[in-house]
Amino acid sequence: IADAFQIQLQGIVANQGEVFFMCTQGGPLFRGQVWRYRPSPFEGTPREKETPATLSLFVEPRDSDLLDNGDNVALAPSGDLIVVEDSPSNNRAHGVTPEGGLYLIARNALNASELTGPTFSPDGSTFFVNVQHPGITLAITGPWDSRRATGG
1 IADAFQIQLQ GIVANQGEVF FMCTQGGPLF RGQVWRYRPS PFEGTPREKE TPATLSLFVE
61 PRDSDLLDNG DNVALAPSGD LIVVEDSPSN NRAHGVTPEG GLYLIARNAL NASELTGPTF
121 SPDGSTFFVN VQHPGITLAI TGPWDSRRAT GG
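Everything in the sequence shown is counted per the numbering used here, starting at 1 for the first residue and increasing by one.
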């Protein structure tokens, strides 16, 4: 299927036994998707069929104002996913709660270049993200240990 639609898989992050990954142009509107993989407790063993792994669509925005072409992902100290966009128009950083709620963190007001390489400082106080062109890194301070989501 991926070849037929030229689906582009991007960022991946693991959190508490779950794996989240981005499909930048996935979905019927090609706005992107966030997928969640929950491995079997018996992953890779003959007992895996007893409790199989699950793959589920976690977030699929239908509105580009919520999220547009999520590309790379990081894990915030709060446990939220931080998704940065590779969109032809807006390029922002969004938080995604464990329940799938979305909230805006930052917007690239410099130009239309994508945001890349989201990550946190070792103490979790600073979020780093790159603006691909002109090749600069931004440091955004928190607090990052609490959630700010207002909706889904």
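Derived by calculation from the structure, the hints in this document are not laboratory data.
Glycine included, every Cβ here is placed at the ideal spot set by N, Cα and C.
Hints may contain errors.
Said to hold, decoys possible - Derived CB-CB ranges, DEER-like:
#, residue 1, residue 2, range
1, Arg62, Asn15, 30 to 38 Å
2, Thr45, Gln132, 35 to 43 Å
3, Arg47, Thr126, 22 to 30 Å
4, Thr141, Ala112, 46 to 54 Å
5, Glu50, Gln132, 44 to 52 Å
6, Pro41, Arg62, 30 to 38 Å
7, Pro88, Arg47, 44 to 52 Å
8, Thr51, Phe128, 17 to 25 Å
9, Gln132, Glu48, 38 to 46 Å
10, Leu29, His133, 38 to 46 Å
11, Asn111, Tyr37, 28 to 36 Å
12, Ser40, Gln132, 31 to 39 Å
13, Pro88, Gly17, 32 to 40 Å
Glutamine 132 and glutamate 50 - C-beta distance against the hinted 44 to 52 Å | holds, 45 Å
Cβ distance range 17 to 25 Å for threonine 51 and phenylalanine 128, holds or violated | violated, 38 Å
Starting from the hint 30 to 38 Å, judge whether the C-beta atoms of arginine 62 and asparagine 15 obey it.
-> Since arginine 62 and asparagine 15 have Cβ atoms about 25 Å apart, the given range 30 to 38 Å is violated.
Given the range 38 to 46 Å, decide if the beta-carbon distance of leucine 29 to histidine 133 lies inside it.
-> violated, 26 Å
At the C-beta level, are proline 41 and arginine 62 separated by a distance inside 30 to 38 Å?
-> Holds - the Cβ-Cβ distance for proline 41 and arginine 62, about 34 Å, lies within 30 to 38 Å.
Starting from the range 38 to 46 Å, see whether the pair glutamine 132 and glutamate 48 falls in it by beta-carbon distance.
-> Check passed, 40 Å falls within 38 to 46 Å.
Are threonine 141 and alanine 112 spaced within 46 to 54 Å by their CB atoms?
-> Once the Cβ atoms are compared, 25 Å apart, the range 46 to 54 Å for alanine 112 and threonine 141 is violated.
Is the distance from the Cβ of threonine 45 to the Cβ of glutamine 132 consistent with 35 to 43 Å?
-> Holds, since threonine 45 and glutamine 132 (Cβ atoms, about 42 Å apart) stay within the stated range.
With respect to the beta-carbon atoms only, verify the hint that arginine 47 and threonine 126 lie 22 to 30 Å apart.
-> Roughly 43 Å apart at Cβ, these two residues miss the hinted range, so it is violated.
How does the Cβ-Cβ distance of proline 88 and arginine 47 compare with 44 to 52 Å: does it lie in that range?
-> At 46 Å between Cβs, range holds.
Falls inside 28 to 36 Å, the C-beta gap from asparagine 111 to tyrosine 37?
-> holds, 34 Å
Glycine 17 and proline 88 - C-beta distance against the hinted 32 to 40 Å = Once the Cβ atoms are compared, 35 Å apart, the range 32 to 40 Å for glycine 17 and proline 88 holds.
The structure fails hints 1, 3, 4, 8, 10 (numbered hints given earlier, in ascending order).
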